[in-house]
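With chain A held as given, fit chains B, C and D with the ligands onto it using these hints.
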Amino acid sequence: MGKIISNKEISPNVYLMKVGGNYKGDMGQFYMIRCDNFPLLSRPISIHNIEKDCISFLYEVKGQGTEILKNLKEDDKIILQGPYGNGFEKREGKIALIGGGMGIAPLFYTAKNLDNVDIYLGFSERSFLEKEYEGVCENLHIKIGGYITDMVDFDKYDYIYTCGPEKMMEKITEMGKDKVYVSVEKHMACGIGACLGCNCDTKNGNKKVCKDGPVFLGEDVYYE
Amino acid sequence: MGKIISNKEISPNVYLMKVGGNYKGDMGQFYMIRCDNFPLLSRPISIHNIEKDCISFLYEVKGQGTEILKNLKEDDKIILQGPYGNGFEKREGKIALIGGGMGIAPLFYTAKNLDNVDIYLGFSERSFLEKEYEGVCENLHIKIGGYITDMVDFDKYDYIYTCGPEKMMEKITEMGKDKVYVSVEKHMACGIGACLGCNCDTKNGNKKVCKDGPVFLGEDVYYE
Amino acid sequence: MSNMEVKFCDISFKNPLVTGSGTFGFGREYENFYDLSKLGGISTKGLTLNPKSGNKGARLYETPSGLLNSIGLENPGVDRFIREELPYMKKLGTNIIANVGGATMEDYEKAIELVSKEDVDIIELNISCPNVKSGGMMFGLDEVSTGKIVKKIRSITRKPLVVKLSPNAENIVRCAQACEAEGADGVSLVNTFKGMAIDIKSRKKVFENTYAGLSGPAIKPIALRMVHEVSKNVNIPIIGMGGIMNYKDAIEFIMAGATLVSIGTANFINPSMGEIIVNDLKAFMEKENIKSFEEIRGII
Amino acid sequence: MSNMEVKFCDISFKNPLVTGSGTFGFGREYENFYDLSKLGGISTKGLTLNPKSGNKGARLYETPSGLLNSIGLENPGVDRFIREELPYMKKLGTNIIANVGGATMEDYEKAIELVSKEDVDIIELNISCPNVKSGGMMFGLDEVSTGKIVKKIRSITRKPLVVKLSPNAENIVRCAQACEAEGADGVSLVNTFKGMAIDIKSRKKVFENTYAGLSGPAIKPIALRMVHEVSKNVNIPIIGMGGIMNYKDAIEFIMAGATLVSIGTANFINPSMGEIIVNDLKAFMEKENIKSFEEIRGII
Ligand SMILES: Cc1cc2nc3c(=O)[nH]c(=O)nc-3n(C[C@H](O)[C@H](O)[C@H](O)COP(=O)(O)OP(=O)(O)OC[C@H]3O[C@@H](n4cnc5c(N)ncnc54)[C@H](O)[C@@H]3O)c2cc1C
Ligand SMILES: Cc1cc2nc3c(=O)[nH]c(=O)nc-3n(C[C@H](O)[C@H](O)[C@H](O)COP(=O)(O)OP(=O)(O)OC[C@H]3O[C@@H](n4cnc5c(N)ncnc54)[C@H](O)[C@@H]3O)c2cc1C
Ligand SMILES: Cc1cc2nc3c(=O)[nH]c(=O)nc-3n(C[C@H](O)[C@H](O)[C@H](O)COP(=O)(O)O)c2cc1C
Ligand SMILES: Cc1cc2nc3c(=O)[nH]c(=O)nc-3n(C[C@H](O)[C@H](O)[C@H](O)COP(=O)(O)O)c2cc1C
Ligand code: FES
Ligand code: FES
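Protein chains in written order, with the numbering used here: chain A, 1 to 224; chain B, 225 to 448; chain C, 449 to 748; chain D, 749 to 1048.
Don't read these hints as lab results, they were simulated from the structure.
A couple of the hints might just be wrong.
[Unchecked claim] Straight-line Cα separation of at most 30 Å, DSSO-like style, residue types lysine-lysine; simulated pairs:
1. C:652 <-> D:1030
2. B:427 <-> C:652
3. B:301 <-> A:18
4. B:286 <-> B:367
5. B:435 <-> C:539
6. A:186 <-> C:735
7. D:949 <-> A:167
8. A:94 <-> A:52
9. D:755 <-> D:838
10. D:899 <-> D:980
11. A:77 <-> B:232
12. D:896 <-> D:865
13. A:3 <-> B:297
14. C:565 <-> C:607
15. C:500 <-> B:391
16. A:73 <-> B:301
17. D:949 <-> A:186
18. B:380 <-> B:391
19. A:3 <-> B:227
[Stated by the list, open to error] Far from chain D, by Cβ distances over 10 Å, these chain A residues were calculated:
20. 20
21. 135
22. 158
[Stated by the list, open to error] Pair by pair, the computed Cβ-Cβ distance ranges are:
23. C:694 <-> B:300: 15 to 25 Å
24. C:480 <-> A:76: 35 to 45 Å
25. C:531 <-> B:443: 24 to 34 Å
26. C:651 <-> B:287: 14 to 24 Å
27. C:499 <-> B:447: 20 to 30 Å
28. C:480 <-> B:314: 21 to 31 Å
29. B:287 <-> A:75: 15 to 25 Å
Computed from a predicted structure; not experimentally measured.
Glycine included, each C-beta is placed from N, C-alpha and C at the ideal position.
Chain A on its own, in the form it takes in the complex (with noise of 0.2 Å):
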């Protein structure tokens, strides 16, 4: 049971939300967040953030769910369950991470974890939070509008993690072949790979995006 912070719209219908305690996470793990009994599953939100003593999602409000979230105030409680799933890897390289709409949400904890990296964020009208990911990479650069992947020379770069609409992750897979890692998104249910519900269909198999992913290689998934 976590303690709401803060909890801003910082571009229309998207939200910073900060909870406090001392949560741990992987860059690109998520949390399972719920309010009460109602609806009745939790959703996944990847961290978006996660300082001393406060832990930060970044999230576009869509449905039932998120509109609970986005009405949440200082002192409300809020659940938390976490942190699950295999996100990024510490790897050694250049890494360029590629973000688009939503995608960009786990990107800013990735960043903080890794030196050495590249950021590109699309946004389809405005951008936002520019600040914050200029404090956390080498470069940062944004798209608004059009395609993100014209911005990026992937030649430059050794690894490519990125987040965002599956259209876009299946192009910057073509592009960068197998240097990307892709974070899928999929309904989920129980969140620890108990359901079967959240399945990606890859090279190996069904593999369960809450536990085996949501972070796999590129060219492992089919897309749909």
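Same frame as chain A, but now just chains B, C and D with the ligands:
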């Protein structure tokens, strides 16, 4: 859609909630209250008071619905449907208002709208709002534990208005006969007389608590 | 331009939204909330030949996203309906669906005979109320008894006849097929699911009848599946219902094959729900550039 | 002193709480959350003779207080279960219920033969999975096919045999009676309800199989009613389930006649739910001065 002005715990598990706006209502009427999609049904809560720019409700936290109410904070939204029901009538003469437990809730606004009333409040463990009730009646009598009926000289009054546990209201009806008007509680779905769910068996046939009541002549009601 | 009009049993409905039997009385309780002529139609409280005072004891119990009810068909009886309620309803400017229940075949017959003489648009034969002991539902549990009663009723009324099916039926598809075979003009589904609740403190069942009828969003996924299954297996039109709370749910039922959609429990959540959903359906059609509901009906 | 122990099919369960097939894997995912020996038992993921990779496309969809799933019995097959999972499970210190499904009678027979040789406490014959096309559920839809498969399986195993019934059966009571008649030692109910969902934006069904299985609190009132009906009509013991989210729900099922109670979806809401409910049940017994669950079982 109303906005919470304040929502304070005035005694363990008992809350006084003020909602801003120009609400209407007569003594003994109620509102159907809800916040969101969950729980499914709205909760009937009596008008505790109506002031120039706000309405207040006095409620005890019992289950899921009131649990959600209790967590509301200033500026939170709430949906009020009403005022519904036939409440206490304005009658001439000396009137005793007898409340037991949360049955005291509607008696404040009732007293405010009547002249020449005495109030009797029975609490099981501890009393609250004595000052406030004192301000709207001639004599306030409080009993903690035991039978509130022991304190009432029924002959002194032309009418008795009561709200509280059914056993108490039944007893009062026995003692006060045709002077007694009771405010009945039933589970409700629609609050407007459409679902036939809040049936009260009376000498005049089936009555809907939400529409024909909640206030009935005590002697007409078949207690369960 | 989008046109919300739909034909159902050759009758024109200004839009596909009707209100469900037993949740809308005879309309009176809602008249102060919105102009009821906005509705496609109103299905009356379930009528029986003689007045019924309904069930004793608890009649309502809330469950997660659901409502158990055990009203027990409290109603003024067909006579008083005709005398006191129908004249009022006729003035509302919307189609009237007379929902008729019964305990015996004879009751059904007499009630239907009486109602048939009146100016109602559709008769909805309720063989699916789980809340009266010797009542309706036993007729609707299998296709043989369903076929039998529909045949009989068909022979005594020329009104458009819609049969309200029970989700507790052994096989709702076969029941619907029996209705079609015996000449029903349409089916409506679903009525409430038989459920129960226990008060663990008092160690007693909540309802005197033990079982009660479950409605509301909890049942929607099952109701939708039943409408879909039935629509793939009969050619008569369907009034779809069960947990519809907003226009999106209504569209799901239409895509699953319903011609009309009905809201029950939703009326309790907000008495203006009928108007809200009609407006939202209109807006949806326009946004999605749907000219007529035929375009999306049964596309799944 | 309250004693939580219950006997089920002559086997001692340290308490009545078991975890439902398909919601608890083989236990591994939960071992870090609590000591699984606290559980009365664990029902394994549904096993089939050969490994199954499960369904393609969307497998989950949330509904109001419910969950639609279309996993499609993804499982490693009986062989690998016996080699890789069972040895692990045996060390957990709780009863093992092997849940076995199949597409053909032959598959069922072979799978059961293999499992019967192993050290599992109970075999749960799953004839009620709505998510595999030619799969289990068709065996469980009526009492004739139910009786047939139970008879066959009974003849090839001496293990305590529990049959998992479908709420989609034409008549679940008659199915349970058929199980009893053919020598089943118990029945477990309910499996998921056949439901569906439609994505109105894309105008497509959500699940490739069209229909999926509904679980969770939404179905509780109906599941409880089914357990109650069955318990009044058979003499073999019941594992009750369907929407149990807390000890109160569990007690309702016991009062309705269940000997064991099972939690499925609840495990997803909180991975420690099993432990929480066991503790709460214990506290409830003590507070209510219940010495053994027999005192309250089936009292409604
Ligand atoms: C590993 C992982 C990490 C995520 N991290 C973030 C993040 O940091 N910030 C953020 O804004 N979003 C994130 N998402 C997506 C987020 O989980 C969904 O937007 C959210 O669940 C929508 O819930 P809702 O109630 O608002 O929407 P609804 O549409 O009402 O949700 C209904 C159901 O669908 C599920 N669902 C809906 N959309 C998605 C989706 N895109 N992915 C998974 N499940 C979905 C919900 O969990 C719920 O079960 C992440 C998803 C995954 C799988
Ligand atoms: C006309 C009327 C006026 C009321 N005025 C007040 C008031 O001013 N203050 C106050 O504290 N309480 C009042 N009540 C009682 C209040 O409605 C219930 O305590 C409340 O609904 C409980 O909801 P819950 O979700 O907390 O409890 P839960 O037990 O979770 O509720 C489950 C369901 O049961 C119904 N329910 C439970 N208890 C009652 C009850 N005693 N009466 C009616 N329905 C019930 C709920 O409405 C809901 O549908 C009034 C009831 C009625 C009928
Ligand atoms: C309180 C209540 C009373 C009902 N009475 C009737 C009735 O008299 N006749 C009938 O055919 N259906 C009756 N129903 C069933 C509804 O018309 C509808 O079929 C069912 O509630 C499912 O729809 P919903 O989930 O939108 O409520 C009743 C339902 C409720 C909740
Ligand atoms: C994701 C999921 C997978 C399931 N898999 C199986 C299965 O393999 N075999 C089986 O007999 N039941 C299976 N079930 C049904 C559950 O065991 C249980 O009967 C049902 O979910 C109702 O209980 P609940 O509401 O507590 O979840 C599954 C249920 C869910 C939600
Ligand atoms: S969410 Fe249950 S296995 Fe991944
Ligand atoms: S609550 Fe519906 S008639 Fe009173």
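Run the C-beta distances from residue 158 of chain A to all of chain D and say if the shortest one exceeds 10 Å. 34 Å, holds
- Holds or violated: are the alpha carbons of residue 896 of chain D and residue 865 of chain D at most 30 Å from each other? 23 Å, holds
- Item | Verdict for residue 499 of chain C, residue 447 of chain B (Cβ pair) under range 20 to 30 Å | 24 Å, holds
Straight-line alpha-carbon gap residue 286 of chain B to residue 367 of chain B, limit 30 Å:
22 Å, holds
- Taking only the CA atoms, is the gap from residue 73 of chain A to residue 301 of chain B under or equal to 30 Å? Holds: residue 73 of chain A and residue 301 of chain B sit about 13 Å apart, inside 30 Å.
Check the hint pairing residue 652 of chain C with residue 1030 of chain D against an upper bound of 30 Å on the C-alpha distance.
21 Å, holds
request  = Return holds or violated for the Cβ distance of residue 480 of chain C and residue 314 of chain B against the range 21 to 31 Å.
outcome  = 23 Å, holds
Taking 35 to 45 Å as the hint, is the beta-carbon distance of residue 480 of chain C and residue 76 of chain A inside that range? Check passed, 37 Å falls within 35 to 45 Å.
Given the hint that residue 500 of chain C pairs with residue 391 of chain B, does the C-alpha gap stay at or below 30 Å? 29 Å, holds
### Task
Take the C-alpha atoms of residue 3 of chain A and residue 227 of chain B, compute the straight-line distance between them, and say whether it is at most 30 Å.
With Cα atoms ~23 Å apart, residue 3 of chain A and residue 227 of chain B stay inside 30 Å; holds.
Check your understanding: Should the label of residue 135 of chain A as a non-interface residue stand, given a Cβ cut-off of 10 Å to chain D?
Key -> Nearest chain D Cβ is 35 Å from residue 135 of chain A, so the label holds.
Exercise. Taking only the CA atoms, is the gap from residue 380 of chain B to residue 391 of chain B under or equal to 30 Å?
Worked result: 22 Å, holds
Going down the numbered hints, you'll see the structure goes against none, and every one checks out.
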